[in-house]
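J.: Given next are the chains, with one letter for each unit.
There are 2 protein chains.
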Amino acid sequence: MSFAKEFECTLCHKTFEYSKDLMTCPHCGEKGILDITYDYELMKGTVTRSYFKSNKDYSMWRYAPLMSIEGIPKNPLKVGWTPLYPSNRLNRLIGLQKLFIKDEGMNPTQSLKDRASAVAIQKAIEANASVIACSSTGNAASSLAGNAARLGLKTYIFVPKRAPKGKLAQIMTFGSNVVKVDGDYKAAFQLSKIAINHFGWYNRNAAINPHLVEGKKTVAFEIAEQLNFEVTDWVVVSVGDGCTIASVYKGFYDLFQLNLITKIPKLLGVQAEGCAPFYQAWMTHSPIKESEESTIADSIAVGIPRNPVKALNAVNQTNGAWITASDQEILEAMAILGKTEGIFGEPAGVTGLAGLMKALESGLIHGDESVTLIVTGNGLKDTDSALKAMNEPILVKPDLKSFIEAMFNKEEEDNNE
Amino acid sequence: MSFAKEFECTLCHKTFEYSKDLMTCPHCGEKGILDITYDYELMKGTVTRSYFKSNKDYSMWRYAPLMSIEGIPKNPLKVGWTPLYPSNRLNRLIGLQKLFIKDEGMNPTQSLKDRASAVAIQKAIEANASVIACSSTGNAASSLAGNAARLGLKTYIFVPKRAPKGKLAQIMTFGSNVVKVDGDYKAAFQLSKIAINHFGWYNRNAAINPHLVEGKKTVAFEIAEQLNFEVTDWVVVSVGDGCTIASVYKGFYDLFQLNLITKIPKLLGVQAEGCAPFYQAWMTHSPIKESEESTIADSIAVGIPRNPVKALNAVNQTNGAWITASDQEILEAMAILGKTEGIFGEPAGVTGLAGLMKALESGLIHGDESVTLIVTGNGLKDTDSALKAMNEPILVKPDLKSFIEAMFNKEEEDNNE
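Here the protein sequences come in this chain order: A and B. In terms of the numbering used here, the numbers along the first sequence are unbroken and rise by one, the last being 417. In terms of the numbering used here, the numbers along the second sequence are unbroken and rise by one, the last being 417.
Because the hints were derived from the structure by calculation, they are not lab data. Any given hint could be a false lead.
[What the hints assert, rightly or not] With the C-beta cut set under 8 Å, the calculated list includes, among others, these residues of chain B facing chain A: (1) T48; (2) Y51; (3) M106; (4) P108; (5) I125; (6) V181; (7) W201; (8) A335; (9) T383; (10) K401.
[Claimed, not checked] Example chain A residues on the side facing chain B (calculated, C-beta under 10 Å, incomplete): (11) Y40; (12) M43; (13) V47; (14) S294; (15) G303.
Glycine included, C-beta positions come from ideal geometry on N, C-alpha and C.
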């Protein structure tokens with residue numbers, strides 16, 4: 001059973017009785033993204049520190065009572081309870097005393113999006129739907145395809161033309177019906193919307209479906225629990241359509257309402273320089289404007305964010321900030337994270353780190369503040385980008401002399417740089 | 001502290017007092033691969049079912065008392081405690097009543113090899129070494145690079161010329177010194193051996209280093225524990241140099257000695273048709289002969305297995321069997337596993353499934369026997385192979401009419417097949 005109480009429209013702030021069928025605000029239409037509110041007083045009876053201590057389900061479903069679901073799926077993929085690593089070396093390198101890294105690439109389809117897709121599939125099952133559809137630049141798609149395949153649901157996935165091949169391979173291996181749309185993310189989103197309406201499929205589009213934030217927010221629950229509810233001063237995350245940062249806020253907000261944490265961390269939203277509508281809006285104190293989608297961080301290349309209110313609110317409410325990083329800075333962050341911590345993130349996955357490094361340089365974040373960095377997806381998703389960040393290794397003849405020569409030459413070159 | 005007692009040479013069967021420095025048999029030389037024996041009677045006092053029940057370390061290090069290590073690393077990557085999924089749909093499709101799938105692609109560098117590398121690094125730290133080296137077709141390398149980076153150790157990695165780009169991207173992102181050897185795996189192995197001797201680096205080559213089997217065997221411990229110590233009749237795993245199947249056997253053997261399980265599962269070793277020296281030796285009752293390395297399953301393309309005795313012994317001791325699968329069968333298995341269970345395996349990762357399907361068809365394994373299938377690595381490691389198994393998705397114009405036309409045409413084509 002769920003403690004969900006009401007829907008509240010993020011635009012007109014009208015509230016509606018909670019019902020599993022409502023998707024967007026009846027008054028504002030499609031732009032009226034709904035937020036789900038909970039009966040925290042009632043929830044307090046169930047969700048306590050001792051509830052967590054005795055819970056042996058080390059997956060996102062350990063947080064079921066904090067979510068808008070009627071039950072949990074039977075034998076799903078293991079989503080969530082990804083590691084929160086204390087930084088061993090990166091912190092000192094970038095000038096932080098206390099840094100934790102949440103590796104969301106360790107989810108079953110290797111990104112944070114598994115949390116949203118897992119909830120979407122549970123909601124589809126609750127709605128007796130057997131087909132789910134979404135548009136996605138890649139990770140939402142592969143997570144939907146994988147998690148749905150495991151539970152026997154059919155998927156239609158609308159991808160933009162530029163989706164990296166590695167991600168397509170994963171989606172197609174999961175047996176999804178992939179619809180490659182001749183256009184950008186916007187075109188894929190539009191066509192998915194039309195087709196979903198036409199066929200009556202269950203809608204996993206993150207901006208429309210209010211339950212997805214409720215799935216993604218489990219990442220904040222885990223961060224808090226893994227820190228023994230002593231959360232860091234800041235949480236840093238990359239931002240595309242805004243759903244993830246909105247979810248991170250919602251998770252900490254829930255815990256704060258339940259008196260499980262004593263503060264909500266400040267949120268740093270990091271966008272790619274080539275696609276930064278949130279940053280632009282925040283800097284210029286103006287409404288969100290459509291942006292180009294020009295970045296290697298394809299998972300956050302969203303020119304028209306569909307969930308602007310929740311995301312802007314997340315940063316404002318926490319006295320957080322927005323920042324951008326260039327593609328070059330993103331590639332450098334990828335190499336630094338890999339080298340110092342053994343974590344391989346995709347471009348969008350390490351964009352948070354690129355932004356964190358800039359925030360430290362500019363004094364926006366101080367070295368004595370504690371930080372949690374969310375790495376949203378694994379680097380194997382997009383190895384072409386990773387290869388851009390590296391030099392091709394030297395081909396060495398298979399004898400010691402050639403090897404030593406190659407090594408010495410290389411080291412001399414390194415020294416000369 | 002460790003319960004390790006003695007080294008026993010797999011060739012001459014002489015035993016030697018356990019010491020952390022011995023690598024191979026002093027009598028037989030490099031081919032005298034050592035096996036580590038334990039004081040099971042002493043171990044029984046510590047390693048009990050209640051030990052596991054109260055242990056909250058959900059990583060491979062929960063099995064530290066069963067391993068040949070003096071301590072455990074501080075703040076390592078989270079290796080192990082990967083999910084063991086009960087099959088939801090694959091079992092019925094291939095004609096099995098009871099099937100479990102161990103997804104080793106959920107390790108931090110996305111393969112089972114993380115278990116071996118994690119132990120190698122611990123042993124290097126115990127030996128006060130700061131450089132570790134290995135030769136590898138990819139997964140041993142990326143796991144060594146990632147796990148070592150996290151703990152601040154330097155790595156040299158010798159890869160054959162044909163290592164897939166995705167794997168190289170991962171290794172290089174971890175900041176490893178990659179030595180691309182102009183030749184095959186054999187050439188890379190030879191050069192690594194020479195360089196390791198020359199520079200006195202710590203040796204992570206699986207066939208030489210007796211501790212690596214002790215790390216990999218934790219996969220068997222987990223399977224047993226996740227099955228509440230009621231192990232399946234069979235365990236199926238793909239085989240390259242033989243270390244993994246030897247490790248699976250060792251793990252079950254340990255548990256059997258400790259009376260924690262009542263039988264050791266029969267092991268099915270699956271090799272790629274284009275590189276099947278173990279299968280050939282077993283079929284012809286003759287010694288292992290060098291084989292070509294002609295298969296897409298690059299992680300198990302090992303023409304000269306360096307650990308033949310332990311691997312052959314594993315299958316013989318359990319009354320198991322060997323089988324091969326063609327590249328086409330491997331690609332089919334990849335698609336079937338993805339579609340039915342939402343698990344994306346690399347070619348070598350799903351070779352076990354390809355072999356299992358053939359074993360069921362031929363009656364080698366019966367539908368009423370229970371089976372655990374180990375998927376050894378994630379499909380994102382080698383998306384080029386995955387793309388070979390699929391048709392390119394149709395490019396659709398972004399309107400409903402075009403979409404429906406494309407869909408209908410596709411469905412008609414499907415029906416005509």
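J.: For every hint, state whether the structure bears it out.
T.: So, going through the hints one by one against the coordinates:
1. T48: With a closest approach of 19 Å, the T48/B hint is violated.
2. Y51: Violated. Min distance 16 Å.
3. M106: holds (6 Å)
4. P108: Since chain A brings a Cβ to about 6 Å from P108/B, closer than 8 Å, the hint holds.
5. I125: violated (13 Å)
6. V181: Where the cut-off is 8 Å and the nearest Cβ of chain A is about 5 Å from V181/B, the hint holds.
7. W201: Hint on W201/B: violated, closest Cβ of chain A at ~13 Å, above 8 Å.
8. A335: holds (6 Å)
9. T383: holds (4 Å)
10. K401: K401/B check fails; min Cβ-Cβ to chain A is 10 Å, beyond 8 Å.
11. Y40: Violated, about 29 Å.
12. M43: violated (26 Å)
13. V47: With a closest approach of 21 Å, the V47/A hint is violated.
14. S294: violated (20 Å)
15. G303: violated (15 Å)
Hint violations for this structure: numbers 1, 2, 5, 7, 10, 11, 12, 13, 14 and 15, all remaining hints satisfied.
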